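Chains as they are written, first to last, in the working numbering: chain L, 1 to 316; chain A, 1 to 403; chain D, 1 to 295.
Note that these hints are calculated values from the structure, not bench results.
Bear in mind that the values here come from a model prediction, so they are computed numbers and not experimental data.
C-beta: ideal position from N, C-alpha, C; glycine also.
Treat the hints with care, since some could be wrong.
Straight-line alpha carbon distances no greater than 30 angstroms define the calculated DSS-like cross-link-like pairs of lysine-lysine that follow [as the list claims (entries may be wrong)]:
1. K100/L / K293/D
2. K114/A / K69/L
3. K100/L / K93/D
4. K114/A / K122/L
5. K69/L / K402/A
6. K300/A / K364/A
7. K195/A / K122/L
8. K402/A / K186/A
9. K64/A / K48/A
10. K180/L / K293/D
11. K69/L / K136/A
12. K222/A / K268/A
13. K339/A / K68/A
14. K297/A / K268/A
15. K402/A / K122/L
Label pairs and their calculated CB-CB ranges [as the list claims (entries may be wrong)]:
16. L271/L / E169/D: 46 to 52 angstroms
17. P69/A / F125/L: 54 to 60 angstroms
18. G66/D / I96/L: 52 to 58 angstroms
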Amino acid sequence: MLPRTYFLAFLVLLALLPHVLYPVFLMQLLCMALFACAFNLLLGYTGLLSFGHAAFLGGSAFIAGQAAKVWELPIELSILAGTLTGTLLGVGFGLIAIRKQGIYFAMITLALAQMVFFYALKAPFTGGEDGLQSIPRSNLFGIIDLTHEVTMYYFILALFLAGFLIIFRIIHSPFGQILKSIRENEDRAISLGYRVDRYKLAAFIISAALSGLAGSMKAMVSQVVSLSDVHWSMSGTVVLMTLIGGTGTLFGPIVGAAIIVSMEHYLGEYLGSWVTIIMGVIFVICVLTFRQGVVGELEQRLIKRKLPFQSQDSTS
Amino acid sequence: MHIKSLAGVTLASLLTCTTALAAGISDDKVVIGMPSDFSGIYADLTGKGSAIAAQMAIDEFGGKVLGKPIELLTGDHHLKADVAVGITREWLDRKGLDAVVDIAASSAALAVTKLMTERGKITINNAAGTTRLTGKDCSALSFHWAYDTFALANGVAKAMTLEGNDTWFFITADYAFGYSMEADAKQVIEANGGKVIGSVRHPLSGSDFSSYLLQAQASGAKVIGAANAGSDLRNTIKQAKEFGITSSGQKLTGMIFFIDDARAIGVKEAAGLSVLVGYYWNRNDESRAFAKRFEEKANKKPNTIHAGVYSATLHYLRAIESAGTDDGQAVAEHMRKLKIDDFFAINGFIREDGRMVHDMFLVKIKPANEAESDWDVFEVVRTLPGNEAYRPLSESECALVKN
Amino acid sequence: MAELLGMPPQLFFGQLLLGLINGAFYAMLSLGLAIIFGMLQIVNFAHGATYMVGAFGAWMLMNYLGIGFWPALILTPLIVALLGVILERLVLKHLYDLDHLYGMLATFGLALIIEGLFRQAYGISGLPYEIPTQLQGGTNLGFMFLPNYRAFVVLMSIILCFGTWYLIERTKMGMYLRATTENRELVRAFGIKVPRLITATFALGVGLAAFAGVMAAPIYQVNPLMGNNLIIVIFAVVVIGGMGSILGATLAGYLVGLVEGLTKAYYPEASSTVVFILMIIVLIVRPSGLFGKEQ
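Produce the complete structure using the sequences and hints provided.
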């Protein structure tokens with residue numbers, strides 16, 4: 001099977017990368033990649049554009065950080081606490097927003113996320129603009145020392161893969177098929193007797209939970225959580241990562257996250273403030289020339305090459 | 001043969017060890033990093049200007065210390081603490097980073113300082129003003145150079161209260177630095193017989209401040225203290241003039257105020273405002289000489305932060321020279337021991353909490369018709385000795401301070 | 001002293017009036033955004049950047065050409081509208097038949113480019129721009145000191161909003177515009193050059209934002225990021241008014257200004273959040289906004 005070979009190659013690549021690239025950078029990338037994948041489950045496979053995902057990422061990062069630092073929970077429980085926070089926020093947001101359509105849905109999620117931002121700003125435990133500092137990394141299961149970055153990398157990689165596999169399973173399950181049918185034609189899904197709102201809500205909560213997982217991982221990796229993690233621009237960033245990589249593709253969000261995180265991390269050193277301008281140019285070029293994102297476009301080329309006579313209908 | 005090779009290895013490692021001690025420079029170079037804001041709201045106050053200042057210090061030191069080259073790394077942290085930590089960690093692990101200077105935004109500054117201290121390396125904070133850096137979060141390896149929010153709030157509030165402005169109303173940014181500035185100012189106002197009769201807290205990055213100004217006006221306080229910064233402060237000042245508040249006899253004062261702010265508001269609108277600065281380019285021949293060299297490269301005059309970065313970098317390099325090593329612990333000791341002697345740190349010395357105490361200057365913004373050039377905006381009213389400006393050690397929360 | 005809702009009446013009315021003034025800016029900005037959305041079906045993320053360019057335009061005319069506020073008030077929106085035409089022809093026209101998302105991505109990219117370029121050229125601190133001499137000073141209204149310039153802002157905003165409403169609801173061009181939003185093909189069949197009409201609408205929306213920018217230059221900072229934080233508030237205003245509704249966008253602008261003004265008096269910390277609370281409430285009660293058509 002084609003996906004399986006891809007997937008294996010992908011695994012090998014991820015396992016070898018920390019010996020080539022800097023592991024901390026890779027961990028940050030994996031966190032953002034999982035965040036983008038979780039977002040893509042909603043946008044790419046259900047057709048819902050949320051503009052409030054920063055609340056799940058940042059909210060759970062703050063709770064995970066608080067759990068590890070103040071409640072002194074071990075790392076696995078802290079991450080669980082963060083993920084639960086993401087899930088609960090997802091339930092709350094979902095119940096209020098899920099009946100809204102299109103831009104109204106995006107705006108109401110944005111509004112709710114702004115409430116979370118306001119809370120994070122006012123709540124004393126987040127440290128306001130100083131952020132939550134020096135979050136400890138306890139030993140995993142009490143024995144594995146995570147202060148070593150490569151060890152930590154494999155731990156984060158395991159979590160990432162777990163999240164990624166959940167998404168993979170969902171997409172290829174009957175539930176995922178229903179989600180896709182909602183994306184394609186909501187009215188038809190309704191007329192087929194599906195309770196569309198419930199499916200959408202479930203997808204929304206799963207997406208929020210996985211974003212929460214990503215946020216908790218991020219808190220443990222950087223050992224600092226700041227308000228920028230709950231700021232609306234973070235919600236914008238995840239939309240961009242997904243679109244650049246390719247919505248509705250399995251690997252697209254990962255590629256998109258890699259592009260944006262590396263630009264943030266590496267280009268600043270050489271290009272200084274030109275980075276944001278270059279990002280802007282890339283977004284515009286992306287929309288004008290490779291609208292399906294890097295991965296989406298590649299996939300289409302591959303399909304075209306394989307099936308030269310059917311290429312016309314595959315574009316629709 | 002086995003034993004022989006082992007002995008060879010030991011001998012070799014011993015030799016490298018001794019040479020390392022003699023030259024004392026890890027990885028044969030000294031690497032100074034600057035994770036800062038190059039594109040966000042602090043980009044003018046630090047950013048490229050700070051990078052230029054640090055490079056000037058390196059060049060004027062001769063580009064080498066103890067015979068080894070000095071390298072400067074810069075990175076844009078986009079005001080995100082996690083990005084700042086990521087960049088710094090990579091420099092530590094991959095590029096042999098020895099020290100960090102500057103760092104804008106308090107969340108990033110606190111996080112990077114923590115990381116550097118863990119790794120036994122030096123941090124010299126400049127752009128971030130939070131007193132946590134020399135208070136609760138102080139360390140033997142980190143320093144705070146150019147200014148802090150306590151000095152600014154304290155200096156301005158004291159000077160104004162002593163002039164008889166004894167009732168205050170605060171317009172405070174709804175952020176930790178806003179609260180701490182308001183609290184610091186309040187303390188000194190009350191100690192000098194004044195009173196704070198009200199305050200209002202506003203969200204960060206607003207554009208309209210007239211509502212708060214009106215509340216301040218209604219309070220009847222003699223002084224309106226703006227405990228906010230950047231564009232918030234500039235808008236507050238600009239709109240206070242527009243709403244006739246400053247012309248009706250109430251005074252307005254800002255705290256975190258730089259020369260760039262004066263230029264951005266327009267000297268005409270800001271005239272009469274008193275603020276505290278750590279450096280003003282047109283104060284004496286030495287400060288003017290630095291400003292001239294800086295301007296040739298940066299195309300603008302330096303502010304307190306830029307001059308502070310220069311001074312801090314230079315002092316760090318001198319300490320390496322005097323310590324004979326770039327080992328963090330040793331350099332930190334020599335930084336504390338060594339006299340700081342440059343145009344910036346007037347009567348400067350480093351306290352046990354890492355605070356570089358130096359004279360600050362109370363300045364007033366000149367009326368536009370008295371300015372000789374575009375950048376001639378301040379008139380130095382008086383010098384505030386370092387010991388009066390900074391938080392006394394007796395009130396310190398720093399664990400290194402033995403009370 | 002008699003109190004009104006827990007504060008002295010003069011302060012209360014003062015806050016209301018200030019809220020109305022800020023609402024005037026929101027109305028001018030959301031109006032342009034609503035027109036562009038109604039016609040092009042594009043959520044224009046570059047609207048804040050356009051507003052910023054308007055303010056910079058006024059500054060540049062003054063500092064490079066010595067052209068003062070009054071001519072700039074006319075010239076800048078025209079110049080910016082012209083730039084808008086170029087952008088529309090180069091970028092946006094490729095996006096009309098696509099999902100909203102692509103419009104957002106492209107305009108967000110444009111905003112990054114525009115704001116970035118201005119930041120490169122002028123730094124981040126902002127530039128001074130003076131209130132025109134004719135409008136300096138103010139009037140004492142008894143309950144507050146109203147700067148003449150602010151009164152002028154409200155007046156211009158009302159004139160502008162009314163003018164735009166008239167243009168769209170009462171003129172032939174407006175009729176075509178409204179018809180095009182309903183059924184593009186049909187209008188084309190009647191021999192109207194629809195693409196040209198769309199370009200003109202975009203230019204109008206952009207020009208309105210630039211006009212607001214010029215108006216803002218003397219009282220706010222002329223600063224590359226001045227539109228950056230405003231943009232999501234303006235989105236919220238448009239949604240509260242009902243997407244695509246001109247009247248809704250205008251009235252919601254004033255409404256949000258007033259609500260914000262009162263929040264600033266009672267719980268100022270929440271004043272930048274209150275617009276979102278308002279939006280949630282409105283969307284729960286009226287899912288399509290105050291004046292939006294039911295979907």
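Hints, verified against the model:
At roughly 14 angstroms between alpha-carbon atoms, K100/L and K293/D fall within 30 angstroms of each other, so this suggested pair holds. In summary, the hint linking K114/A to K69/L is supported, as the alpha carbons are separated by about 15 angstroms, within the 30 angstroms threshold. Restraint check: the Cα-Cα separation between K100/L and K93/D comes to about 28 angstroms, which is no more than 30 angstroms; the hinted pair holds. Distance restraint check for K114/A and K122/L: the Cα-Cα separation of roughly 24 angstroms lies within the 30 angstroms cut-off, and the hinted pair is therefore satisfied.
Restraint check for K69/L and K402/A: the C-alpha separation of about 27 angstroms stays at or below 30 angstroms, so the hint holds. Proximity of K300/A to K364/A is assessed by CA-CA distance (about 20 angstroms); at most 30 angstroms being required, the pair is judged to hold. About 27 angstroms separates the Cα atoms of K195/A and K122/L, which keeps this hinted pair within 30 angstroms; it holds. For a cut-off of 30 angstroms, the pair hint linking K402/A to K186/A stands: about 26 angstroms separates their Cα positions.
Between K64/A and K48/A, the direct Cα distance comes to roughly 22 angstroms. Compliance with the 30 angstroms bound is thereby established for this hinted pair. Pair hint K180/L plus K293/D holds up; C-alpha atoms about 28 angstroms apart against a cutoff of 30 angstroms. A distance of roughly 16 angstroms separates the Cα atoms of K69/L and K136/A; the hinted pair therefore holds under the 30 angstroms criterion. Of the supplied pair hints, the one linking K222/A and K268/A holds, its CA atoms being roughly 22 angstroms apart against a limit of 30 angstroms.
Pair hint K339/A plus K68/A holds up; C-alpha atoms about 23 angstroms apart against a cutoff of 30 angstroms. With a CA separation close to 28 angstroms, the supplied pair K297/A and K268/A stays within the 30 angstroms bound. Taken as a hint, the K402/A and K122/L pair is broken in the structure, with Cα atoms around 34 angstroms apart against an allowance of 30 angstroms. Roughly 49 angstroms separates the CB atoms of L271/L and E169/D, a value that falls within the hinted 46 to 52 angstroms.
Taking 54 to 60 angstroms as the suggested C-beta distance range, the pair P69/A and F125/L does not conform, at roughly 45 angstroms. G66/D and I96/L have their C-beta atoms about 54 angstroms apart, which keeps the hinted 52 to 58 angstroms range intact.
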